[in-house]
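S.K.: Residue-level listing of the chains:
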Amino acid sequence: MLYSFKIATRYLTANRGQSLLLVLGVAVGVYVFVFMSALIGGLAVLLIDRTVGSIAHVVVEPADRDPTSLLDDRNGTLIAVLKSSQQRSTLQSAEAYLPILESSPHVRVVVGKVLGNGFMLKGEAVAPVQITGLEARDISAIANIEANLVAGSTDLMLGTAVIGKGLADTLGIGVGQSLVIRSERAIEQSVTVGGIFEIGVAGVDDTAVYLNIRAARVLLDLPEGLSRYEIKLDDLQQSRIAAADIAGRTGLKATAWQDQNAQLLEGLSAQARSGDLIKGFALVTIVIGVASALLLSTYRRQSEIGIMRAMGARRGFVVLVFVLQGAFIGLAGGLLGAGLGYLSLLPFPPPEATSGAGLPVDYRQGAYGAAILLTLLGAIAAAIWPAYSASRVDPVKAIGP
Amino acid sequence: MSDDALVEVSGLTKDYTEGETVTRVLKGVELQVSRGELVALLGPSGSGKSTLLNILGTLMRPTLGELSILGETLIGADDEVLTEFRNRHIGFVFQAHLLLPDFTALENVMFPAAARHGRERREDKVRASELLDRVGLSDRRDFLASRLSGGQKQRVAVARSLMNAPELVLADEPTGNLDRESADQVMKLLTEINSEDRTGFLISTHDEKIAARCRRQIYMVDGKVADDRQQS
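These protein sequence lines map, in sequence, to chains R and P. One point on numbering: in our numbering, the residue at position 391 of the first sequence is 391, and numbering is uninterrupted. Position in the second sequence (first residue = 1) + 401 = our numbering.
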């Protein structure tokens, strides 16, 4: 065993009460670090789950029809700025893309949709609606309509519609009642409300109407092709990579959810920075605590350090003794704090499995390894000044009369 | 320089500076000690005995003068060199014994060797046990230093000073804190080791009876060697 290791442990065990208090102090700091990591991470999971849980991770649409250069680059370029088209943007030959999308990495499910706008009419009441036509089996593939159904069923037969609760309330209708949908193409269709859902996103609950894709094609005058594909991934953090991959393989425009929710990401980023700041303060507290305790120890053991130096212990040896003490305290406090953090967070269910009530802490995001490692490094750094100070002790003054 | 020379000191001067006040404690000390000598260093308080021992022990640097131990000129050597030299060639016995209180008697004796090698070697443990046996403390080897009596502590300190088989042991008032019986035991031990191992001893003391057990007595007065007597 390294001799400096033995002396360091002997010093720590010689004052068990003081060492224990010091380790407990460090453990509290580490606990704060772990708890904040779990809380900030849990909040992020909850927010992302609530937001992204009801939308596609990647949306695949026809590529923008960019205007082309009218003049040669060497002579200056004149760009035609007219970007809109009189034509509807649709994925013609959409079926051809399906195998490519389904075989892309991380893709869990692909849903083809036809989309359009219109109005829903019930007597004198009129409400603007967003019409989504899809295969009946896919109704809960993107937003989980089935789980959020408040009345009726999600069976999308021809002539039935599944609508948001806000819309149903606006029109004052319920399941089994009939009404008329008029599309942007001025085509009208009579439908019966088969189901009413509420996913908690006002923009969807107040305007969404789900129809069988065949009915939607007639209503929107879109006999073939799709408006877009919507994709769910097995790992939503891979969305940007998957979108880039899909765009590269298909030549279509693929947009990741992050690019459509910049404000959410900004909020999460600000939240993470706040958490990092608190964790930073916890680490600073640990470093100051360890440094002051070791500095006191060097003063208290000045005479012993002087004896060691007189007996031929090198300065490096003395430095190592005190740095090792810092490392032991950091490691023990880190393990204890991280362990207590893990055990106390374990009873909390994962945020995505909660109703949102209570603390959305996620024990999986406790950053235990980082907490232990940073504490260890912080404690070692904290020990350097006391260790250096100890190594400079003048043996004559330390052991003098 | 003789091959037998252990310590050679010439014109050794030491000043202490406190603010703007400079106090000269050693004023050109001239001293030669041969290997295996048992020397008593006598003199009143403030005569410079402890300062001289600290300089000879490489714990303190002189202001002026020449210092050579075992033929090595140590003036100007850096701290690492002096620490290494001290560890290998010089043993210390202090008035206040100065043991490490959280370590056992055996661990205290082993310290100079362990600090040198960075670990506790089996052979060092054997030697430390033998030294404790030699100072009559084999039954106290696993006692914490803080639990030993004053006399026992000083005998452990003597054993520790011999751990690396140094050529020179510097003892600063080694019996100053002991009762007469313990002081006699310690002095008997030092003289035995001196005659058996040919280890050189320089023992600072106020006690004429202790000094009388040494073959040579050096008297210091006011920072200088005032008298140097050799017993027949």
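Be aware that a few hints might be false.
Residues from chain R shown here face chain P by an in silico Cβ test under 7 Å; the list is partial [unchecked claim]:
1. 3
2. 10
3. 12
4. 14
5. 17
6. 21
7. 248
8. 304
9. 314
10. 396
11. 398
Distance windows between CB atoms, simulated [claimed, not checked]:
12. 418(P) to 280(R): 42 to 50 Å
13. 416(P) to 385(R): 50 to 58 Å
14. 418(P) to 20(R): 24 to 32 Å
15. 270(R) to 518(P): 20 to 28 Å
16. 292(R) to 630(P): 23 to 31 Å
17. 292(R) to 628(P): 33 to 41 Å
18. 518(P) to 105(R): 52 to 60 Å
19. 630(P) to 14(R): 44 to 52 Å
20. 20(R) to 607(P): 41 to 49 Å
By construction, these hints were calculated from the structure, which means they are not laboratory data. Every value quoted in this text rests on a predicted model; they were computed, and no experiment measured them. Glycine included, each C-beta is placed from N, C-alpha and C at the ideal position.
S.K.: Could you tell me which of the numbered hints above are not met by this structure, giving the numbers in increasing order?
M.R.: Checked against the structure, the hints that fail are numbers 3, 5, 6, 7, 11, 13, 14, 15, 16 and 17, while the rest are satisfied.
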